[in-house]
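Novice: Produce the entire structure from the sequences given, and follow the hints as far as they go.
One line per chain: the protein sequences are A and B, in this order. One point on numbering: in my numbering, the residue at position 7 of the first sequence is 181, and numbering is uninterrupted. One point on numbering: in my numbering, the residue at position 75 of the second sequence is 127, and numbering is uninterrupted.
For the record, the hints were derived by calculation from the structure and aren't laboratory data. Hints may contain errors.
Said to hold, decoys possible - Each computed DMTMM-like pair below joins lysine to aspartate or glutamate, with the alpha-carbon atoms no more than 25 Å apart: (1) A:Lys250 with A:Asp193; (2) B:Lys144 with A:Glu195; (3) B:Lys250 with A:Asp181; (4) A:Lys234 with B:Glu81; (5) B:Lys144 with A:Asp192; (6) B:Lys250 with A:Asp189; (7) A:Lys234 with B:Asp246; (8) A:Lys250 with A:Asp207; (9) B:Lys144 with A:Glu205; (10) B:Lys250 with A:Glu195; (11) A:Lys250 with B:Glu124; (12) B:Lys144 with A:Glu200; (13) A:Lys234 with B:Glu231; (14) A:Lys250 with A:Asp347; (15) B:Lys250 with A:Glu200; (16) B:Lys144 with A:Asp207; (17) A:Lys250 with B:Glu128; (18) A:Lys234 with B:Glu132; (19) A:Lys250 with B:Glu80; (20) A:Lys234 with B:Glu80; (21) B:Lys144 with B:Glu80; (22) B:Lys144 with A:Asp181.
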Amino acid sequence: MNESVHDLAGAYALDALDDLERAAFERHLAECDSCTSEVEAMKQAVIAATAPVPPPPGLKARVMDDISRTSQTPAKRGGLPRWIPIAVAAVVAIVLAVGGLLGSTQRQIRQVLAAPDVISVPLQVTEAGSRQLEGVKVAFSPEIGRAVLVVERLEPVAADRAYEAWIIPPGADPIPGGVFVPSAEGPHQFLIDGEVNTGVVVAVTEEEAAGAPAPAGEVLVAGQV
Amino acid sequence: MTALAVAFEPASLASSRKEVRAQGVTGEELDAILSRVGVGDTDAFSALYDRVSPVVFGLVMRVVRDRTIAEEVAQEVMVEVWRNAPRYESSKGSPLAWIGTIAHRRAVDRVRSEEASRRRTEKVASETQPTPFDSVSETVIDLQEQEQVRIGLAALNPSQRQAIELAYYGSLTYREVAENLGVPLGTIKTRIRDGLLKLAEALGAES
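Specialist: Right under this line is the structure:
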């Protein structure tokens with residue numbers, strides 16, 4: 175690839191390449207910053223030079239109706255949530271099949287992460303926890319009242335075990351915050367199941383797969399939001 | 053009526069964050085609206101629709117040249133914007149360029165699927181007049197923006213303008229444009245690229 179590839183930036187910006195050339199140019203774009211900014215500037219220019227035309231009034235209603243029945247594709251790092259709340263195997267199968275539940279969990283995770291007041295609170299990993307977890311933070315939105323556990327490295331557990339999150343309000347007993355196991359790749363994001371408010375402690379233990387009503391395992395991670 | 057203006061940082065193509073205004077909304081605001089759409093906010097989508105649907109419809113109309121088909125395609129475009137909003141990344145480009153790309157590609161796909169390439173080339177050749185790059189309606193674009201677009205137009209020579217028009221609104225590939233005009237490939241590539249760079253720079257010039 176040489177000079178001539180950059181010359182295609184204009185044609186690419188106008189969608190005037192055939193499929194083969196387009197694929198080749200997109201590979202080139204992945205490693206050429208100047209072509210990438212050129213293409214962006216050209217696209218903006220040509221959009222700006224196109225006169226807007228008010229669409230027919232009925233169009234909006236049709237569009238709003240369509241989208242009410244259209245799901246959104248998850249962001250690239252999303253897809254299936256990396257943390258799937260598991261109770262028992264049968265429930266897992268149903269959850270995966272339904273899909274919609276996963277979608278809404280993923281949406282809630284994104285809402286928290288994108289909230290304007292979101293804060294990131296690192297949690298302390300205990301000595302017991304250090305063998306299994308690394309780089310643990312809580313992304314917390316006080317306004318939404320939800321939090322997402324973000325873990326960089328998480329060791330798998332035995333088939334009959336799972337990690338469990340806990341919400342511990344000041345002076346109160348720990349409240350179960352959902353069970354999870356790592357999926358193949360990290361970093362992992364897990365929506366803590368329950369309301370999280372400023373001043374609570376978030377903790378993680380390892381329990382049996384269905385989760386425990388009160389922590390039985392050692393505390394692996396803890397911190398106050 | 054809606055108005056569209058693009059103001060780039062002066063002559064700086066290295067930066068990918070450009071300020072775009074649509075109906076007085078800045079690029080950052082469109083960005084924020086689009087991220088809310090990305091988490092499923094339908095009110096945000098309604099606001100986004102109000103701001104961008106005229107650009108989408110205008111563009112699609114120019115490409116498909118049929119009002120009924122344009123309505124269908126514009127509807128599909130807006131639904132696709134909704135569906136893929138979670139995948140929009142502002143670091144990769146501006147909201148309008150992202151949306152415009154969806155709109156243009158859908159419109160072009162529609163045209164290409166409706167006509168054979170040879171028929172299309174012949175049709176466009178017979179329809180090509182030395183029209184200005186775009187018909188800017190005074191009721192739609194305010195004076196300052198109109199001036200900016202005019203500067204952009206004035207910066208292009210007729211052959212650049214024609215090549216861009218055929219490729220963009222005529223949905224021809226650049227090879228087809230070259231064939232259509234009987235001009236070498238390299239020449240067309242250069243006309244398109246130089247023309248677009250000039251247009252981008254002209255629209256970015258501070259007045």
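Novice: For every hint, state whether the structure bears it out.
Specialist: Results of checking the hints against the structure:
1. Proximity of Lys250 (chain A) to Asp193 (chain A) is assessed by CA-CA distance (about 23 Å); at most 25 Å being required, the pair is judged to hold.
2. The suggested pairing of Lys144 (chain B) with Glu195 (chain A) holds, with an alpha-carbon distance near 21 Å, which does not exceed 25 Å.
3. In summary, the hint linking Lys250 (chain B) to Asp181 (chain A) is supported, as the alpha carbons are separated by about 14 Å, within the 25 Å threshold.
4. For the suggested pair Lys234 (chain A) and Glu81 (chain B), the alpha carbons sit about 21 Å apart, so the restraint of at most 25 Å is met.
5. Between Lys144 (chain B) and Asp192 (chain A) the CA atoms are separated by roughly 23 Å; this keeps the pair inside 25 Å, and the hint holds.
6. Taken as a hint, the Lys250 (chain B) and Asp189 (chain A) pair is honoured in the structure, with Cα atoms around 18 Å apart against an allowance of 25 Å.
7. As the CA atoms of Lys234 (chain A) and Asp246 (chain B) are separated by approximately 38 Å, the hinted pair breaks the 25 Å bound.
8. Taking the CA atoms of Lys250 (chain A) and Asp207 (chain A), the gap is near 21 Å; set against the 25 Å cutoff, the hint holds.
9. About 13 Å separates the Cα atoms of Lys144 (chain B) and Glu205 (chain A), which keeps this hinted pair within 25 Å; it holds.
10. Distance hint between Lys250 (chain B) and Glu195 (chain A) is fulfilled; the C-alpha atoms sit about 24 Å from each other, no more than 25 Å.
11. About 28 Å separates the Cα atoms of Lys250 (chain A) and Glu124 (chain B), which puts this hinted pair outside 25 Å; it is violated.
12. Only pairs whose Cα atoms come within 25 Å are accepted, and Lys144 (chain B) paired with Glu200 (chain A) is accepted, the gap being roughly 13 Å.
13. A C-alpha spacing of about 40 Å is found between Lys234 (chain A) and Glu231 (chain B), which places the hinted pair above 25 Å, so the restraint is violated.
14. Between Lys250 (chain A) and Asp347 (chain A) the alpha-carbon distance is near 38 Å, which puts this suggested pair outside the 25 Å criterion.
15. Using a Cα cut-off of 25 Å, the hinted pair Lys250 (chain B) and Glu200 (chain A) holds, with the two alpha carbons roughly 23 Å apart.
16. Under the criterion of a C-alpha separation no larger than 25 Å, the hint pairing Lys144 (chain B) with Asp207 (chain A) is consistent with the structure, at around 11 Å.
17. Restraint check for Lys250 (chain A) and Glu128 (chain B): satisfied, since their Cα atoms lie roughly 22 Å apart, inside the 25 Å limit.
18. Between Lys234 (chain A) and Glu132 (chain B) the CA atoms are separated by roughly 14 Å; this keeps the pair inside 25 Å, and the hint holds.
19. A C-alpha spacing of about 22 Å is found between Lys250 (chain A) and Glu80 (chain B), which places the hinted pair at or below 25 Å, so the restraint holds.
20. At roughly 24 Å between alpha-carbon atoms, Lys234 (chain A) and Glu80 (chain B) fall within 25 Å of each other, so this suggested pair holds.
21. A distance of roughly 14 Å separates the Cα atoms of Lys144 (chain B) and Glu80 (chain B); the hinted pair therefore holds under the 25 Å criterion.
22. Only pairs whose Cα atoms come within 25 Å are accepted, and Lys144 (chain B) paired with Asp181 (chain A) is accepted, the gap being roughly 21 Å.
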